[in-house]
Amino acid sequence: MATSSSSSSPQRDTCLNFITHLLETLKHTIMNIFFHEQDLEDAEQLSQALPQTIVSSYSSRQLKHQVFLSFRGEDTRLNFTAHLLKALKDTGMNVFFDEENLEKGEQLSSALSQAIAASNLSIIVLSVDYASSKSCLAEVSDIMDRKDTQGHIVLPIFYHVDPSNVRNIGGSFKTSFEDHELKRPIDEVKRWKAAFVKVGKLKGWHIIGGKFDRPETEYIKDIVEYVIKKLMNNYFRNASEELVGIDDQKKMILGLIEQEDTRIIGLWGMGGIGKTTLADVVYKEVSQKFEDSCFLHNVSEKIEKQGMESLRDDFLTELLKQEIHIRTPSIGQGFIQERLNNKKVIVVLDDVNDSDLMNDLGVQYFGEGSKIIIASRDKQVLKNGGANKIHEVVKLNENDSLQLFSIFAFRQLNPAIDFLNLSCKFVRYAQGSPLALKVFGSRLYTKSKRDWESEVDKLKEYAQPKISQILKRSFDGLDELEKNVFLDIACFFKNESKEDAEEILSRCFRGAVSGISNLLDKCLIDIITAVPFFSIDYCECISMHDMLEEMGKDIVRQEAKELWKHSRLWNPKDVYQVLRYNKGTDLIQGLKLDMSQIDNLQLCPTVFDNMYNLRVILFYFSGRFWKKYSEKKLLADQADSVSLPDELRYLFWDYYPFKSLSSFNPINLVVLKLPHGDMEFLWNEDGYQNLVNLREIDLTQCKNLRKIPNLSSAINLKSLCCNGCESLVEHPCLDHLAYLKMLELEGCHNLKKFPEVPNHFSILELDETGIEEVPDSVEHLTRLEQLCLRKSGVKKVSSNISKLGLLRSLYLSHCPITEFPKNPSELYLSETQTEFPGNSILKFKSLEFLHIDHCINLKFLSELPPYLRYLVAHDCTSLEKVSFTNQNLYELESSDDSHEFFMLFSNCFNLNQDSINNIEANAMIKIGSLVKKWEKESDCDPPSLVCCFPGNEISANTFEYQSMSSSLILRLSPNGCSGRRYLVFIICLVADFAHGHKYEDLICSFECQLTATGGHYEKFKSEWFCSPEFELVRYIGDHMFILFSGAMVKNDTGYQEASFEFHIKKLDLSGEEEPIKVEKCGVHVYYVA
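The opening residue of the sequence shown carries number 37 in the numbering used here; numbering runs sequentially from there.
I should point out that these hints are in silico values taken from the structure, not numbers from a laboratory.
The beta-carbon is built from N, C-alpha and C at its ideal position, and this holds for glycine as well.
Take these hints with a grain of salt, some might be off.
Heads up, simulated EDC-like pairs for lysine to aspartate or glutamate below, C-alpha to C-alpha not over 16 Å straight-line [stated by the list, open to error]:
1. Lys-226 - Asp-284
2. Lys-415 - Asp-181
3. Lys-461 - Asp-515
4. Lys-530 - Asp-582
5. Lys-839 - Glu-804
6. Lys-210 - Asp-181
7. Lys-519 - Glu-491
Label-pair restraints from in silico Cβ distances [unchecked claim]:
8. Asn-649 - Gln-150: 19 to 27 Å
9. Met-288 - Cys-575: 48 to 56 Å
10. Leu-671 - Gln-505: 29 to 37 Å
11. Ser-149 - Gln-505: 25 to 33 Å
12. Val-1124 - Ser-763: 37 to 45 Å
13. Asn-204 - Ser-149: 23 to 31 Å
14. Val-1124 - Thr-298: 47 to 55 Å
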């Protein structure tokens, strides 16, 4: 901005028609005019002159004015106001200009206040007698309030006055305020003074005038350019903010408003997820349809600052257009209630944390047809507040996140090419939070690439203050129980099984289950279906946004400067320091240590002695399912055991280095997991241990373990896992354990006899044991649901297995079988040497999972069951014919409502062409069915399909776009209808497996860019794991993959071109990646209106 330091003294009578020149210059810009007397508020007029971005913003936000001009009429009316009015009529700028500029008495007129609220920017022309006007000071006070609360843009022009006199209220301004103090209430004058001082501290233009100052036309040019730039940026950002990822949710809320029986609508979501933005967009679109409206921002904060009664009075004053002062806690009966009953209004209450607020504000008295939108982080508040419908505000998807981030980081809709990868890292960390995307983007704007890289490094170590401040308000509203549960989840149990976390935390804090439920309602945690951190099976898990996790950890860091005084430790360096230097204290409640991040450490047997309040020990190796560690990091001293605190509830210690737990009293223990441990026994057999709270034991790969101790006191035990305990020759009596339903003994080679277990058992995992026979007594296991005996050398299976009505999953290999369970959903029959599976399985109409790899004598698979969604026929080298039922797949519903399909016919080189065609056609039919079902049930899991078979000729009839390489560019058909249209992509790849190596896993993936007219584009990607469960596979020669996922269904926004890049890579046994050549690729596109 231009400034001046000329020594020429300001003169009141030296007016160079500054405002006239300013407005005459504005008329040559792109902006339209609004003069409040003529009421020109035509969006069509704007659209002819303004860029599309500003038009979109104007139309969607419905703001009346771009600029509010504040000035002292008596200073300028006779010399330049007439010129100003003429210039305004000729220019495109939509400016509010108060023609009357009269004294309004005690308060700012409602018209002027509304004009300020309806403007994006205010220009304040501060002349010599400006402060003598009460209405001017009221304007300034209102303008600065909106600047502080709503980010209103304020540009001061110090016209023939010294800015220091404004800041310090000197010169003529001092005299004016002294006069006001004699006539006006002292509190009112204080507000005016505070606002006036704030204006004086703002950067602006100091126009001194006189021959030593530069011409005013130069000032005006600078000002106009700056105003245009600020408005362009502001309009562009606001328009883009409102449009990015919010349209579908806006339509949903507008639909709810149209419903007569929906009066109160709740918007629910975590802090920063976009509740206020969504409410704002909806409010601006529908508020004109109601008699009156009110948007009450930051309700909780305002109540805290000014009190409930004051807020209520302001609220009613706004609605009733009359100053309201109720001197009682409630509105009560009377005239006010009757007036509210006669009004059809729309009200938005933003950031509500107390359901009593609705009664306090009197929303129950609003007239018929009124609508109340309540935004809250707490679902229970919305329920108690009477919400008829509660909408969960969803996070932005990856594409919308990248676009919103780019708006703030680059002031454009897409990231700069050189910053794309870095941008994606911030987008992934933000996990769809608009708040985080805006904060990160604004922070990085104009920064160097080196700065960006430094900020990336800080993401996981330091919480962003602006984000934490917003999120921490939810934490501050928790009670002590909820705070402890939240911090434990953030530090230890994120991604843990919900059931396990509830069990553990319930033993730590009474009422923890209720606490978890409350955290769910307050959007501080989430429940997802996933694989827990130390498991391979899907279940309900506790999830938490990364930023909430980081906020929780930051709260713990601030407990004390010394790390050993923190209640919870998770940083590997910190935990290492405490263990190495024996710094443990009674303040430490939990330790989490990724041992892959530390050096070897010899542990003293008394290292935990001072940590007698320790509840959680979690010592693990990250990525332990992909790597085998040749050395232990925490090493045992000379002692056979380590002294552990009796308060322990959760003990997970990978590669436990001591020979036993004999020094530990497990009375409070809930979970005991010691995989790969060195123990020969747990505790002395002759010593009784109270295990009443123990729910789970996992001793996987404890190869030295000879015997499991007496578990008679473990009456609540639910799971016992001894997989890979090679030295184990027997298991204890389990008859008295009424809750124990799962026994895992996989890899216990010395176990020769089928275990005698209680009849209530549901899962027996006995893979790779020495068991040779499934006895007739199996018929007594009437509750058995899953029996696993892969690679166990079983030579005989009793026909009584057919009597097990609940047995759904049977896993066998190398074993002849003639009788099957009554109604199986999963059959694993690997390396069966007869032809029976092809005919016998047809009667199982509910079969979903069929694994028949290496059945070298199998020739036919005819009329495969309709529910089948997982089929592995790898290396069935004699297989010739495959066919499927003709039933409508869309009408059928899988028993677990899954939307994933996997069909593998790799190395089945004898398949005839008709069978290949059947497999391909079945895949396409399934995809069509998945798309229809997903479109109908939008809240279901995203669909996915993988289909593989030998071959290298992609069908031109099915895949109309093809390439002889790994990339493909195609033109899309234009949308001929006016409604919404979806693009659906299906891909086919030919891979060259020339070397025939065994793979741990095979991953197919692609990246796609959709490009529309005007350069707008969208990028997306997807990947598939293409190897079967439980199996190392070897592909030989060329194979084809038909692939589909939910990411390949895109909303068509005028896209003209799609460009694909395909990849296939293998993971070997060491976890190393290696690319596989993509010889050909094909894409089929169809359009769904």
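Tested hints:
{"no.": "1", "hint": "Lys-226 - Asp-284", "verdict": "violated (46 Å)"}
{"no.": "2", "hint": "Lys-415 - Asp-181", "verdict": "violated (32 Å)"}
{"no.": "3", "hint": "Lys-461 - Asp-515", "verdict": "violated (34 Å)"}
{"no.": "4", "hint": "Lys-530 - Asp-582", "verdict": "holds (10 Å)"}
{"no.": "5", "hint": "Lys-839 - Glu-804", "verdict": "violated (25 Å)"}
{"no.": "6", "hint": "Lys-210 - Asp-181", "verdict": "violated (22 Å)"}
{"no.": "7", "hint": "Lys-519 - Glu-491", "verdict": "violated (29 Å)"}
{"no.": "8", "hint": "Asn-649 - Gln-150: 19 to 27 Å", "verdict": "violated (60 Å)"}
{"no.": "9", "hint": "Met-288 - Cys-575: 48 to 56 Å", "verdict": "violated (31 Å)"}
{"no.": "10", "hint": "Leu-671 - Gln-505: 29 to 37 Å", "verdict": "violated (44 Å)"}
{"no.": "11", "hint": "Ser-149 - Gln-505: 25 to 33 Å", "verdict": "holds (29 Å)"}
{"no.": "12", "hint": "Val-1124 - Ser-763: 37 to 45 Å", "verdict": "violated (59 Å)"}
{"no.": "13", "hint": "Asn-204 - Ser-149: 23 to 31 Å", "verdict": "holds (28 Å)"}
{"no.": "14", "hint": "Val-1124 - Thr-298: 47 to 55 Å", "verdict": "violated (30 Å)"}
Of the numbered hints stated above, those contradicted by the structure are hints 1, 2, 3, 5, 6, 7, 8, 9, 10, 12, 14, listed in ascending order.
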